[in-house]
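2 protein chains.
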Amino acid sequence: MADLQAALSECADEVERMMDLLLPQPEGPEARLYEAMRHSSFAGGKRLRPFLVMQSSRLFGVDTRCAARVAAAVEFVHTYSLIHDDLPAMDDADMRRGRPSCHAKFDEATAILAGDALQALAFEVVSMPETHSDPAVRAELVRELAQAAGGRGMCGGQMIDLLAESTEMDIGAITRLQRLKTGEMFAFSAIAGAVLGKGSYRSYMALHNYAQEFGLAFQIVDDLLDAQGDSEWIGKPTGRDAEAGKATFVSILGAERARAQAGLLVEQAIRALDVFDEKADLLREAARYVVARTK
Amino acid sequence: MADLQAALSECADEVERMMDLLLPQPEGPEARLYEAMRHSSFAGGKRLRPFLVMQSSRLFGVDTRCAARVAAAVEFVHTYSLIHDDLPAMDDADMRRGRPSCHAKFDEATAILAGDALQALAFEVVSMPETHSDPAVRAELVRELAQAAGGRGMCGGQMIDLLAESTEMDIGAITRLQRLKTGEMFAFSAIAGAVLGKGSYRSYMALHNYAQEFGLAFQIVDDLLDAQGDSEWIGKPTGRDAEAGKATFVSILGAERARAQAGLLVEQAIRALDVFDEKADLLREAARYVVARTK
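Protein sequences appear in the order of chains A and B.
With our numbering, the residue at position 59 of the first sequence is 59, and numbering never jumps.
Take the position in the second sequence, starting the count at 1, then add 1000; the result is the number in our numbering.
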């Protein structure tokens, strides 16, 4: 676990340096927009998706700077989704990771625009020649990222999530919700290395499956922490799902079975990596770590 | 003008057919999201940006279906910007082109997500092999579109626009605002044909300059219509800028000089097209039409 923590923290530093390079400097009459983009981009967080990009890239010997650009783009998309998610019309959260959320610090209009601009920036970064010398790789990454983030991916999952408060959801429906809402972006992050490094279809699918199981386990643990957690420790309000009468893995399965299910998913995630040698050990460890985490 | 009207209407039909093909069908638990995306995508409008894409593509003999895909993508970005612009935290407009705006018809959260998903869809469409056989062209179009739509383009312009209510703006500042807010997406639409058809740098710049002047003239006429117009005729509330105490071309220059300025910009736009033969006549006519329009 010490190795994993060191690798996570090293990766976070590297990707944050790249994000800083890619984000506009707060200058000019629109400086407020850039400040808002930066406020939310540098609000901490585990940088788990960038870690998946960097680690999967390592499997294929991808240049670290190229991988860091894609990792930054993934985090821009993730950050934009958090900004919009926190808006009063959505989750109405004034705090995020112990700091004021974007609209709380700035205002709603600025937060909406900051999210929009971060999404555009992600696609700009991926499409630039600096990301890969082969334009076919860049175009493919753009397509995969757009699909993962769009209406048939993350945004679709968020729509179902919004409706979950007023809809009867069974375990199948919740699984589908989470596969879209979290799983698609996890999957993009994990396959990014295979696309950048022109890996085989087999390795691409292995990483895809790993990330989908991993993402689901991650979400179950999130639900567990929301149901049981201490809001000061997590840095955001907890118990919100139950309050909203929203079905979650925990409300349907109960905490114990939900935890067992997360453990099972992690086993499946790790098994998906059997096609790789010990170079994938940090990916394996990362999956184990999510079910053990307490925040 | 009869030619132009026929061409505009034919182009609108063609691009709307393509948009219909590309938008997800309202199925599954997230159907509400797709309905919201469709509601705003098919809310009428002149489809001026798609027209620029189609006409500039014609100059370089680009396949019509390829051009229509890029035109649809441009309109998805434009539609998303209108959805987010209409939100209570932004312009707070319940009506758009005589119909309920997205958040009025659905709800705010759905409108935010529909905008987000439309932006992602635009990049997905441009990056797909169907848009151009050469991935370098697709990657280049993604980059140009992302720059035009992002924080240094449209979103940056919208940020300045938001601040305009509480800031002293001179004519230079307003010109910069509008070049970002409207001009960048106009410019992308016009250069799209040159990128798709691998035109010369000279023709690329000619189209870029044409669109920047055209976009500015278009915006001045918009301001004039807002200041003078009849809200039923325009299909959205008018006089809002003056109410908000916002500086516009009209409030600074006065109606007469603003109209003269728009005329001048159109002349410059048309002059930029001197490098093209009569194939560019519809682009020339379109520029003349914007200053003559009454809605």
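For the record, the hints were derived by calculation from the structure and aren't laboratory data.
Possibly wrong hints are sitting among the right ones.
Below 30 Å or equal to it, Euclidean Cα-Cα: the simulated DSS-like pairs (lysine-lysine) are [claimed, not checked]:
| no. | chain 1 | residue 1 | chain 2 | residue 2 |
| --- | --- | --- | --- | --- |
| 1 | A | Lys279 | A | Lys105 |
| 2 | A | Lys198 | B | Lys1198 |
| 3 | B | Lys1246 | B | Lys1046 |
| 4 | A | Lys198 | A | Lys246 |
| 5 | A | Lys198 | A | Lys105 |
| 6 | B | Lys1105 | B | Lys1198 |
| 7 | A | Lys105 | B | Lys1198 |
| 8 | B | Lys1105 | B | Lys1279 |
| 9 | B | Lys1198 | A | Lys246 |
The structure displayed is predicted, hence computed values, not measured ones.
ask   = Going back to the hint list, which numbers does this structure go against?
value = 1, 4, 5, 6, 7, 8 and 9
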